[in-house]
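Using the hints, build the complex out of the two chains.
Same order as they appear, the protein sequences are chains R and H.
Start counting the first sequence at 1; every next residue gets the next number (my numbering).
Start counting the second sequence at 283; every next residue gets the next number (my numbering).
To be clear, the hints were calculated from the coordinates, so they are not data collected in a lab.
It is possible that part of the hints are untrue.
[What the hints assert, rightly or not] List of simulated lysine-lysine pairs, DSSO-like, C-alpha gap at most 30 Å: (1) 79(R) to 58(R); (2) 128(R) to 188(R); (3) 84(R) to 519(H); (4) 519(H) to 177(R); (5) 478(H) to 117(R); (6) 125(R) to 458(H); (7) 128(R) to 458(H); (8) 478(H) to 79(R); (9) 116(R) to 84(R); (10) 117(R) to 188(R); (11) 480(H) to 80(R); (12) 477(H) to 187(R); (13) 353(H) to 339(H); (14) 461(H) to 58(R); (15) 110(R) to 478(H); (16) 116(R) to 461(H); (17) 522(H) to 339(H); (18) 79(R) to 458(H); (19) 125(R) to 461(H); (20) 546(H) to 116(R); (21) 477(H) to 117(R); (22) 128(R) to 58(R); (23) 477(H) to 125(R); (24) 432(H) to 353(H); (25) 423(H) to 188(R); (26) 480(H) to 149(R); (27) 480(H) to 79(R); (28) 480(H) to 110(R); (29) 461(H) to 149(R); (30) 353(H) to 423(H); (31) 116(R) to 177(R).
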Amino acid sequence: MPIIVDHLNCIYEAGTAMEVVALSDINLVIPDGQFIGLIGHTGSGKSSLIQHLNGLIKASSGTVYFNGEDIYDEDYDLKKLRSKVGLVFQYPEHQLFEVDVFSDVCYGPKNLGLSKKDVELRAYKALKMVGMDDEYFYQSPFDLSGGQKRRVAIAGVLAMEPEVLILDEPTAGLDPKGRDEILGLIKKLQAETGMTIILVSHSMEDVANYVDRIIVMNGGSVMLDGVPKDVFAHYKELEEVGLAAPAVTYIMQQMKEQGFDVGTDATTIAEARDEILRALGR
Amino acid sequence: MIREITFGQYYQTDSALHRLNPRVKLVGTMIYIISLFLFKEAAPFALALVFLAAIIKLSHVPFKYMIRGLKAVIVLLLITAVFNMFLTRGEALVSFWGLTITKEGVIAAVFIALRLIFLIIGSSVMTLTTTPNQLTDGLEKLMGPLKVIKVPIHEISMMMSIALRFIPILLEETDKIMKAQMARGADFDSGNMIKKIKAMVPLLVPLFVSAFRRANDLAMAMEARCYQGGEGRTKMKPLKYGKSDVLAYVVLAVYLAGVIVLGKWL
Ligand SMILES: Nc1ncnc2c1ncn2[C@@H]1O[C@H](COP(=O)(O)OP(=O)(O)OP(=O)(O)O)[C@@H](O)[C@H]1O
Ligand SMILES: [Mg+2]
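Chain H with its partners taken away, still in its complex shape (with noise of 0.2 Å):
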């Protein structure tokens, strides 16, 4: 059950998005999600589709294993559309109690909604292609300048990559302990919202003992391999740009422009 979750976590299999170096993931993540909210008309968000398609194609990601995902936040969604639906102003469609459904606020409504499924898709391609450490390794290069001005940058993405890898652990943990509590008749779903709380607790409370000692442990194991910070730690495979990234970058490039100009003059 708690294991549908999906959303950034990586799926193992073999792919040229796989294969990819994690810095152009992480910029064609970027410039998607940028260039969804560039436009307002339907020529440029057919490009956006095409694109997003292509790319999951590319993937090798079964599509829905992929939408599993949308599922955790599609009451995020309804809502979301439901408000742009009535507050937007414009030509009235139907109105009662008082509230008025605008034209104007259905397409608003359809657009945000399409907006934030591609979003969410979009960048759950890149978690879903990319594992957590070559995530981090793309995100520590990507911010090196930011060295200069004394962010630390390697402790930064070292905290991310051990929070990310995390995340299964802690679903699993969930699971497990779910599980245990239901054998001794433990109900999460039944009953009003102050019981369902109430029955986290006997969720909660081991789940935080079990993260406790897992960090615990790790620190542990960490100092035992005299880990000290970033200063002169090398890597054993640093990340390099090949032929594909380079072609890579120029489809994005292409994307970039075809968005803006199917935008402007169309």
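Just chain R, with the same shape it has in the complex (with noise of 0.2 Å):
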């Protein structure tokens, strides 16, 4: 079922001289299993608005909307929600706390009233999504390494079985090996699973590869919202606020320019090759 953001306005510390607004009037309409990559410079508003779609934040007015009903109603149940939109803060790791990394994520289930058996069972299962292996079941979790930390983390979120999965920023800090193993990681389950997905990243190169619509963010309010390839195609108002479409696209604008007659669509390295092949007849 759709997520529907209506009107959405966040205002920190309203009413003092360190007010900010964060969101201004922010509408969107995130329909089931899409791969939605949320784009933005720094603070321009990405983490305020994902906390507002599992209503951990509530909004200084607008709403939003899960599957029809309102979540800011008096009587919605918000920890119901929070099961059904999972949200991976960025640095998850930080919020690992038990004794092993097994029962770190079985906390999540757990708070949901399950069984030990359905507990179990889901924890076992969001590991071996997330391509952890048995024998650091039983590991302290301060023990792994920073991308396994982040692994584990997100089992926690997934062990919940939400419906709509978002992660912030789910590689910063991350070598570029760590970075594509992350990456890889969400698009399989995305693949298996059909879910929807919200990849929060400030770098474009990160999501062109994988996502079906890009939500450019810009100072609390959207941008550009579309295919990467519209999105993409709007690359120099995209540098005036901070960002770069792929290096793909600028080869291929460049090509372009000197006369080589290229279409400009091609978001990734392959689709490039295709249409430069295509270009020279072969």
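Pasting the structure below:
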């Protein structure tokens, strides 16, 4: 069921000298099964927006509808919402606390009031989904590497079996290999489970290869919203707000300017290769 | 939610109070607190109220923001007031279940509650208008004479300044971890006492881990910049008294005299 964001505004510390308008008049429809990249410069309001989607922050005005219900209704069950809309925070490894990896992943489903057997089954499934081997299950989460910790933390949210998974900069602070592993993992998750995924990032390169739709935030509002190639066509505007289109876009644009007859829609290296080969007539 | 706590935090804006020498503000707060306990009459209380109101106006900190800090201590206030109400001897007003509320008790309760409120607001005006760095600079200077008897003044004030600096950071961290655990279905508000305490574990463990990590990073960063303690260390902005500071001292003296006079002869 879709999420609808309706005229959402968010103001922090309203009425003081530190007042910040983090979000202004956001309107979005997020249909089922879509893989969305949420992009924006530092401070553009990405984290603020996603925390509204599972009711962690109350909007200053406007509402969010989940499954057609207003999540700010008096009797709306926010706890249930949070199990349906799973949110993985930035640096999620900072939330690990249990004595071993397995019990930490059990924490989420346990809070849902499931039976012990169901809790453990879900934890096991979630850990397998993120590709953790059995040998790590009974290690302290604090002894793992950064990338492994992050997988465990993601499993902690997956174990609640959400319908929508939101990840806030899941690749922050990882090396290129760790980054590709996490992104690959997310892509695999989406392909296997068909769940809605919102991936927050400030790197176009990260999301270009994976997502169906890109939402670009700037200064608290939605600046662009569309399929990757349409968004990247605005690469000049993106530069003005401190973002950049993937390198491929620049190469194709450059070739076109130099008089080589190629289309400029390619967003990944594979597409670019095919396009160039086509233009060369091979 | 947790960010609502404002007690002991700095409020960034520009005002005469913000520009005052931190030593004046420290001394002033001390004088104000002492003055609150010098008397039991209504007239000096009125003066203390007027003084506080003037200071708040001068500070340019919104009053609403200031009293947010009071919310946290409201329970303490109530308990103190209630105890005073019941335990003070004197003329009985009402009695039930073997407990008696006396007229003196009610008066004492009102006074103690007012005193505490004035005290808390008065000292938060100081922290709201003074950065932690200025505050410790001021303290270091004020306690300077104690160096003679080998009290490690510099170390004490350095520790204080670090502790103060860490309060907002830790609050922010708490807020973040709380939200992260709530996203995993944690519930911090409902259930009985034992349940609530148990619910704190997923919050406290990551909080301690992060506090240690930060402390370690800070120590490393200080060492990397050759920090060696106070010996021979100079200040980039040494504290100096200006005209307005002298004026402030005069105002303080007048206030103190006023309170004493009102308390004694009216
Ligand atoms: N709890 C808060 N209290 C006050 N201001 C906040 C709070 N959280 C965020 N802000 C402010 O709101 C604005 C948007 O912040 P947000 O964290 O949503 O940005 P972001 O796009 O996630 O940035 P980043 O890429 O750095 O994570 C910023 O100006 C930030 O300073
Ligand atoms: Mg963010």
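Status of the hints after comparison with the structure:
Between residue 79(R) and residue 58(R), the direct Cα distance comes to roughly 14 Å. Compliance with the 30 Å bound is thereby established for this hinted pair. Simply put, residue 128(R) and residue 188(R) have alpha-carbon atoms about 12 Å apart, close enough for the 30 Å limit, and the pair holds. Taking the CA atoms of residue 84(R) and residue 519(H), the gap is about 54 Å. The hint is violated against a cut of 30 Å. With a C-alpha separation of about 47 Å, the suggested pairing of residue 519(H) with residue 177(R) is violated against the 30 Å cut-off.
For the given pair, residue 478(H) sits about 25 Å from residue 117(R) by alpha-carbon distance, which is consistent with the 30 Å threshold. Proximity of residue 125(R) to residue 458(H) is assessed by CA-CA distance (about 27 Å); at most 30 Å being required, the pair is judged to hold. For the given pair, residue 128(R) sits about 27 Å from residue 458(H) by alpha-carbon distance, which is consistent with the 30 Å threshold. For the proposed pair residue 478(H) and residue 79(R), the alpha carbon gap of about 16 Å is at most 30 Å, so the pair holds.
A distance of roughly 20 Å separates the Cα atoms of residue 116(R) and residue 84(R); the hinted pair therefore holds under the 30 Å criterion. Of the supplied pair hints, the one linking residue 117(R) and residue 188(R) holds, its CA atoms being roughly 26 Å apart against a limit of 30 Å. Proposed proximity of residue 480(H) and residue 80(R) is supported: the alpha carbons are some 21 Å apart, at most 30 Å. Taking the CA atoms of residue 477(H) and residue 187(R), the gap is near 39 Å; set against the 30 Å cutoff, the hint is violated.
Only pairs whose Cα atoms come within 30 Å are accepted, and residue 353(H) paired with residue 339(H) is accepted, the gap being roughly 21 Å. Using a Cα cut-off of 30 Å, the hinted pair residue 461(H) and residue 58(R) holds, with the two alpha carbons roughly 13 Å apart. Distance restraint check for residue 110(R) and residue 478(H): the Cα-Cα separation of roughly 16 Å lies within the 30 Å cut-off, and the hinted pair is therefore satisfied. Distance hint between residue 116(R) and residue 461(H) is fulfilled; the C-alpha atoms sit about 25 Å from each other, no more than 30 Å.
Using a Cα cut-off of 30 Å, the hinted pair residue 522(H) and residue 339(H) holds, with the two alpha carbons roughly 25 Å apart. Taking the CA atoms of residue 79(R) and residue 458(H), the gap is near 17 Å; set against the 30 Å cutoff, the hint holds. Between residue 125(R) and residue 461(H), the direct Cα distance comes to roughly 24 Å. Compliance with the 30 Å bound is thereby established for this hinted pair. With a C-alpha separation of about 72 Å, the suggested pair residue 546(H) and residue 116(R) falls outside the 30 Å cut-off, and the hint is violated.
Between residue 477(H) and residue 117(R) the alpha-carbon distance is near 22 Å, which keeps this suggested pair within the 30 Å criterion. Distance check on the hinted pair: residue 128(R) and residue 58(R) sit about 34 Å apart at the alpha-carbon level, beyond 30 Å; violated. For the hint pairing residue 477(H) with residue 125(R), the CA-to-CA distance comes to about 28 Å; that is within 30 Å, so the pair holds. Annotation: proposed proximity of residue 432(H) to residue 353(H) is violated, straight-line Cα distance about 40 Å (limit 30 Å).
A threshold of 30 Å between alpha carbons decides the hint, and for residue 423(H) with residue 188(R) the separation of about 62 Å lies outside it, so the pair is violated. For a cut-off of 30 Å, the pair hint linking residue 480(H) to residue 149(R) stands: about 24 Å separates their Cα positions. Pair hint residue 480(H) plus residue 79(R) holds up; C-alpha atoms about 18 Å apart against a cutoff of 30 Å. As the CA atoms of residue 480(H) and residue 110(R) are separated by approximately 14 Å, the hinted pair is consistent with the 30 Å bound.
Annotation: proposed proximity of residue 461(H) to residue 149(R) holds, straight-line Cα distance about 19 Å (limit 30 Å). Our distance criterion of 30 Å between C-alpha atoms is broken by residue 353(H) and residue 423(H), whose separation comes to about 33 Å. Taken as a hint, the residue 116(R) and residue 177(R) pair is broken in the structure, with Cα atoms around 36 Å apart against an allowance of 30 Å.
Of the numbered hints listed earlier, those contradicted by the structure are 3, 4, 12, 20, 22, 24, 25, 30 and 31.
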